[in-house]
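As a plain string of letters, each chain reads:
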Amino acid sequence: MSETLLEIDDLSLFRGQRCLFAGLSFSLSAGQVLQLVGDNGSGKTSLLRALCTLLPLETGTLTWRSEPLPQGRDNYLAELCYAGHADAIKLDLTPRENLAFYASLSNVPAHHIDTVIDKVGLAAQRDLPCRLLSAGQRRRVSLSRLLVSKAVLWLLDELLTALDAKGRALVAGLIAEHAAAGGAAIFTTHQPLSLDGVRVDPLDLNAIQVQDDSGVHS
Amino acid sequence: MLEAFNAVLNRDLRLAMRRRGDWVNPLVFFVIVISLFPLGVGPDTELLRQIAPGIIWVASLLATLLASETLFRADFDDGSLEQLVLSSQPLSVLVLAKVLAHWLITGLPLLFLSPLVAVVLQLQGRSIPALMASLLLGTLTLSLVAAIGAALTVGLRKGGVLLALLVLPLFIPVLIFGSSSVLAVEGGFPVQAHLSMLGALFLLSLALAPLAIAASLRIIYE
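Protein sequences appear in the order of chains U and F. Taking our numbering, the leading residue of the first sequence gets 1, the next gets one more, and so forth. Taking our numbering, the leading residue of the second sequence gets 1001, the next gets one more, and so forth.
One thing to keep in mind: the hints can contain errors.
Distance ranges between label pairs, derived from CB positions [stated by the list, open to error]:
no., chain 1, residue 1, chain 2, residue 2, range
1, U, LEU132, F, LEU1156, 29 to 37 Å
2, U, SER2, F, MET1001, 47 to 55 Å
3, F, PRO1129, U, LEU69, 32 to 40 Å
4, U, ARG131, F, PHE1029, 34 to 42 Å
5, F, GLN1192, U, ASN75, 53 to 61 Å
6, U, GLU58, F, MET1132, 48 to 56 Å
7, F, VAL1093, U, SER2, 52 to 60 Å
8, F, VAL1028, U, PRO192, 49 to 57 Å
To be clear about the criterion: a stretch of chain F counts as covered by chain U if any three or more of its residues have a C-beta under 8 Å from a C-beta of chain U, and this derived list gives those stretches [to be verified]:
no., region
9, 1014-1020
10, 1185-1192
No wet-lab data here; the hints were simulated from the structure. Glycine is no exception: its CB is placed at the ideal position from the N, C-alpha and C atoms.
The whole structure should be built from the sequences, with the hints applied where relevant.
Next up, the structure:
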């Protein structure tokens, strides 16, 4: 049994007056990969944003390495990397400059940036401004943040957007590698993603959705 | 922590070097607003000299306000603001680096332009050091205070007017002590008291504004 990293207990989430879901509990251990499944509007993005502490939890607790938040917030954030809908890269900077910035922001050495850029297939573009890259290439720069940050927990929202078949295979490979190295990941996608040798556990948000009438926050 | 501070500072300065428009526009605005006054008031040098400190200070206030609107906008739009909020480094330190970079780009050039516009407005030469000293302390304070408003309004489509309504009342103490320090020199009085007040306002905003900016940025994502 591998180490339990993240524990979620009795989490419920509201957007405005509407309850997205209530009573969600799950845990994530090292090497585990979780896929959030659900229709549009079922709260996949909101759950990911709540997990990375951008959204406040209405009820419930989040525990990272047996330390409950908010006390353990800094330790949690130091080991977390969130890739949202936005690429979070500066179009006027080159891929290398963007990644160097994120390396120093998360206080990790920058010497492996070139290796990471080669790995995501942007060796020829490493010194071009990101403005000149295609949407898929920008997505690759954004995904390289995961490798540069050395984070243990990856939270990936719609990670396959704009990626081609090779890009999808690359992402699958990166997640599988990450899980094999003892990392954990939670992701959402509407496209099929097959990971070699890694089991993907689905977490169905439709099943725990609260109906509109009972979910109104009084 | 220091490394993250430097990273944000360097990134923002580098971005400013590659995008000239963002920081040139407020400077041009500053010069144009000031040069409108002699045209509007007429060539009465005595009158111009009397109102010059007020004009320069109001113009730098408006230029700072104009410039601060873009402080967090680009980062908010491309998602890098989220990453700053999610960094394990203290957010108040990171935003302080952003405000410092922003001041170096938009506030410091105002300081160097001020002797020029002082001459246009017939200010005496001996007032210029006091003008520059008061602008140094004052624009730093203004940048810090305006950043609070910019952080609160960054999520809004048309936050510009709201930003002005939020922030301009907070600018009043800086305006009063800023222009009165120049007036003091013009009238032959000592300037230390005015500059000390500006210094106190700067230290107060330096201590409190980063915390307020960080709290505002966390709120806008909820």
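Evaluated hints:
1. U:LEU132 with F:LEU1156: 29 to 37 Å: Given a distance of about 31 Å, which is inside 29 to 37 Å, the answer is holds.
2. U:SER2 with F:MET1001: 47 to 55 Å: violated (33 Å)
3. F:PRO1129 with U:LEU69: 32 to 40 Å: Taking Cβ atoms as reference, PRO1129 of chain F and LEU69 of chain U lie about 52 Å apart, which means the hint is violated.
4. U:ARG131 with F:PHE1029: 34 to 42 Å: At roughly 27 Å between Cβ atoms, PHE1029 of chain F and ARG131 of chain U fall outside 34 to 42 Å, so the hint is violated.
5. F:GLN1192 with U:ASN75: 53 to 61 Å: With a Cβ separation near 48 Å, GLN1192 of chain F and ASN75 of chain U fall outside 53 to 61 Å, so the hint is violated.
6. U:GLU58 with F:MET1132: 48 to 56 Å: holds (53 Å)
7. F:VAL1093 with U:SER2: 52 to 60 Å: At roughly 35 Å between Cβ atoms, SER2 of chain U and VAL1093 of chain F fall outside 52 to 60 Å, so the hint is violated.
8. F:VAL1028 with U:PRO192: 49 to 57 Å: Because 53 Å falls inside the window, the suggested range holds.
9. 1014-1020: holds (count 4)
10. 1185-1192: violated (count 0)
Hint compliance for this structure: hints 2, 3, 4, 5, 7, 10 are not met, and every other hint is.
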